[in-house]
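Asker: Sequence:
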Amino acid sequence: MVISVSEEVEKVVKTTVTLTRNLWEKAKIEALRRGLTLTEVVEAALKKWLELAEKERKDKGGKKL
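Each residue of the sequence shown is one higher than the one before, starting from 153 at the first, in the numbering used here.
Keep in mind the hints are simulated off the structure, nothing from the lab.
Cβ atoms here follow ideal geometry from the backbone N, Cα and C, with glycine treated the same way.
Incorrect hints may appear among the rest.
The following label-pair restraints were derived from C-beta to C-beta distances [unchecked claim]:
| hint | residue 1 | residue 2 | range |
| --- | --- | --- | --- |
| 1 | Leu204 | Leu175 | 16 to 22 Å |
| 2 | Leu171 | Leu202 | 25 to 31 Å |
| 3 | Lys210 | Lys178 | 17 to 23 Å |
Straight-line Cα separation of at most 20 Å, EDC-like style, residue types lysine to aspartate or glutamate; simulated pairs [said to hold, decoys possible]:
| hint | residue 1 | residue 2 |
| --- | --- | --- |
| 4 | Lys210 | Glu192 |
| 5 | Lys210 | Glu162 |
| 6 | Lys210 | Glu182 |
| 7 | Lys166 | Glu192 |
Given these sequences and hints, build the entire structure.
Answerer: Pasting the structure below:
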């Protein structure tokens, strides 16, 4: 018996982001409180921001890129 499992694996990109120390500290503390990494917090924030940008574009009748 052959079982085929297909999963899409996303590629990871490492990058550097410059933040104010205050913002970094607040995000890091909140991540620790929730048992998350700072990467997970930044990723969630970017996803939310992109969702809002897409909604705003649709509301204005703009094209999806």
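Asker: Run every hint past the structure and note whether it holds.
Answerer: Status of each hint after checking the structure:
no.: 1; hint: Leu204 - Leu175: 16 to 22 Å; in the structure: holds (19 Å)
no.: 2; hint: Leu171 - Leu202: 25 to 31 Å; in the structure: violated (19 Å)
no.: 3; hint: Lys210 - Lys178: 17 to 23 Å; in the structure: violated (31 Å)
no.: 4; hint: Lys210 - Glu192; in the structure: violated (27 Å)
no.: 5; hint: Lys210 - Glu162; in the structure: violated (26 Å)
no.: 6; hint: Lys210 - Glu182; in the structure: violated (32 Å)
no.: 7; hint: Lys166 - Glu192; in the structure: holds (13 Å)
Violated hints, listed in ascending order, are 2, 3, 4, 5 and 6; each of the other numbered hints is respected by the structure.
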